[in-house]
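Protein chains in written order, with my numbering: chain A, 1 to 271; chain B, 1 to 104.
Hints were generated in silico from the structure; no laboratory data involved.
Certain hints may be false.
Unchecked claim - Just the calculated beta-carbon pair ranges, DEER-fashion: (1) Glu167(A) / Lys52(B): 25 to 31 Å; (2) Cys72(B) / Lys218(A): 46 to 52 Å; (3) Val55(B) / Asp196(A): 50 to 56 Å; (4) Arg31(B) / Pro214(A): 33 to 39 Å; (5) Glu185(A) / Cys72(B): 56 to 62 Å; (6) Ala17(B) / Gln160(A): 25 to 31 Å; (7) Ala42(B) / Lys218(A): 26 to 32 Å; (8) Glu46(B) / Pro214(A): 56 to 62 Å; (9) Phe39(B) / Asp196(A): 35 to 41 Å; (10) His252(A) / Lys65(B): 39 to 45 Å.
Claimed, not checked - Which residues of chain B face chain A? A partial, calculated answer using Cβ under 7 Å: (11) Ala16; (12) Gln18; (13) Lys20; (14) Ile25; (15) Arg34; (16) Leu81; (17) Ala85.
Ideal placement from N, C-alpha and C gives every residue a C-beta, glycine not left out.
What follows is the residue order along each chain.
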Amino acid sequence: MAKIITMTSGKGGVGKTTSSAAVGTGLALRGFKTCIIDFDVGLRNLDLIMGCERRVVFDFINVINGEARLNQALIKDKRVENLYILPTSQTRDKDALTLEGVGKILDELKKEFDYIICDSPAGIEKGALMALYWADHAIVVTNPEVSSVRDSDRILGVIQAKSRRAEQGLEPVQEHLLVTRYDVERVEKGEMLKVDDVLEILAIPLLGIIPESPAVLKASNVGMPVVLDDKSNAGQAYADAVGRFLGEKIEHRFIKPEKKGLLDRLLRRTA
Amino acid sequence: MNLLDIFKRSKPPTIAAQAKERLQIVLAHERSDRNSPDFLPALQQELLAVIKKYVSVDEDKVAVKLERESGCSMLEVNVELPSPAARAAAAAAAAAKGKPAPAN
């Protein structure tokens, strides 16, 4: 049975699209047929992060309006088997989305795919509601920073009140916490919230901790999901998170600073 | 754990600890408010209506404020009553219109 995963956060700029691209690609690498949908109508960016921006002809909104067929709008990834992207419109706005229109397309996708990832826009307005309404799972992307944690709490409240599962009294949306831009050095200095603090406050299961890493910007510059950079710690952390999503027991990595030699310590302290 | 950690323990709360505490306080309130309607505007209007029965006050001179702390919330209502001179003027104006002066 196909599952719908919504990548959401409330706050903007915390890494929803990066995480959608990475988790979606990670699921496809594991052999699951996966489609990632960009719900940020008017601010299309998933295509850039996935490196397929020059192949967009039709989009999600065209399909909703019956101007194109789903298969015409889906873009097949050139690197990873089983991976498809459904870009959104750059010229329309959120009002082009309707619950019924989105629901119809998701139903159609569910026949063909194992996982459908909805890359939500920031905010708690229409676009975000459309992205979370049909969700089976919600991955809440949070930075260890006060405004991001607060907004994550807010969006969790919205999921618990306004999703289809909540409205129809079904089994609730499964929530997962993905902490991104985690800087162990700053955590160690007491400058940044620890992942345990964020967990204690939000109280939902932890899917992964993605370390602050130059690999993320490098990957987005060239249009490659960072999970494909398997040498980078961020790429490995995303791959781990995908494994955990699939039910594997994988210990969290990159949560302690790298061990430094005595010489390093002395040099740092006197520098 | 190394020897240096022993000395770290005695430090004052870190910035991160302050962030956590602030978040816990604000979220405790936001979560409890989530299911209750925002009653402050209605409360302000009704209070004003009651006060107006006895004193003529300006709409802008009533301030309803909710102050939140970790243990409790405090509802603060400030009503600025008109000065005696202004009250007399209002009474005169009302009398001129043939209405009874507002009771003090």
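Checked hints:
1. Glu167(A) / Lys52(B): 25 to 31 Å: 42 Å, violated
2. Cys72(B) / Lys218(A): 46 to 52 Å: Once the Cβ atoms are compared, 50 Å apart, the range 46 to 52 Å for Lys218(A) and Cys72(B) holds.
3. Val55(B) / Asp196(A): 50 to 56 Å: 55 Å, holds
4. Arg31(B) / Pro214(A): 33 to 39 Å: Check passed, 37 Å falls within 33 to 39 Å.
5. Glu185(A) / Cys72(B): 56 to 62 Å: 39 Å, violated
6. Ala17(B) / Gln160(A): 25 to 31 Å: The hint (25 to 31 Å, Cβ to Cβ) holds, given that Ala17(B) and Gln160(A) are roughly 28 Å apart.
7. Ala42(B) / Lys218(A): 26 to 32 Å: Given a distance of about 54 Å, which is not inside 26 to 32 Å, the answer is violated.
8. Glu46(B) / Pro214(A): 56 to 62 Å: 58 Å, holds
9. Phe39(B) / Asp196(A): 35 to 41 Å: This hint holds: roughly 36 Å between Cβ atoms.
10. His252(A) / Lys65(B): 39 to 45 Å: Since His252(A) and Lys65(B) have Cβ atoms about 44 Å apart, the given range 39 to 45 Å holds.
11. Ala16: 5 Å, holds
12. Gln18: Since the shortest Cβ distance to chain A is 10 Å, the answer is violated.
13. Lys20: 5 Å, holds
14. Ile25: 11 Å, violated
15. Arg34: 5 Å, holds
16. Leu81: Because about 39 Å separates Leu81(B) from the closest Cβ in chain A, which is outside the 7 Å limit, the hint is violated.
17. Ala85: Interface hint status for Ala85(B): violated (48 Å vs cutoff 7 Å).
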